[in-house]
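Numbers given in this note's numbering equal positions in the sequence shown, counted from 1, plus 49.
One thing to keep in mind: the hints can contain errors.
As the list claims (entries may be wrong) - Subject to a maximum C-alpha distance of 30 Å in a straight line, what follows is the list of computed DSSO-like cross-link-like pairs (lysine-lysine):
(1) K147 x K110
(2) K110 x K86
(3) K95 x K110
(4) K145 x K131
(5) K95 x K131
(6) K110 x K145
(7) K147 x K131
(8) K93 x K131
(9) K110 x K93
(10) K110 x K143
(11) K131 x K86
(12) K110 x K131
(13) K143 x K131
No wet-lab data here; the hints were simulated from the structure. This one's a predicted model, so the numbers in the text were calculated from it and none came from an experiment.
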Amino acid sequence: MVDTTITRPLANYHSSVWGDYFLSYTPQLIEIGSQEKHELEELKEKVRQMLVETPDNSTQKLVLIDTIQRLGVAYHFENEIKTSIQNIFDDSNKIKMKITMMIFALLLFVLD
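Model the full structure from these sequences, guided by the hints.
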């Protein structure tokens, strides 16, 4: 018979300098004061204004939306982002339709 037992090497790691600190860590809840709340609302309003004022056909709008999402604060601006993306989509479809119509008209002219 063949011996099928697998012997694995032992790893004797030294204990961590942190011990069990993070196993029982409970974060302190920080209370936000009225000044911070006011500043937060002002900053959110500035970002909303940036979303509204940036033209839909510019790449700056897409970069702004991407940055907001990467920062993890897009949930504050869901409606503005959805509206902006819908407008960008609609505009690109209008441009594509216009180009298609122009090509069709030119083809009709050439084929006549």
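Results for each hint:
no.: 1; hint: K147 x K110; verdict: 23 Å, holds
no.: 2; hint: K110 x K86; verdict: 27 Å, holds
no.: 3; hint: K95 x K110; verdict: 14 Å, holds
no.: 4; hint: K145 x K131; verdict: 21 Å, holds
no.: 5; hint: K95 x K131; verdict: 18 Å, holds
no.: 6; hint: K110 x K145; verdict: 20 Å, holds
no.: 7; hint: K147 x K131; verdict: 24 Å, holds
no.: 8; hint: K93 x K131; verdict: 16 Å, holds
no.: 9; hint: K110 x K93; verdict: 16 Å, holds
no.: 10; hint: K110 x K143; verdict: 18 Å, holds
no.: 11; hint: K131 x K86; verdict: 25 Å, holds
no.: 12; hint: K110 x K131; verdict: 12 Å, holds
no.: 13; hint: K143 x K131; verdict: 18 Å, holds
Every hint, counting from the list given before, is met by this structure.
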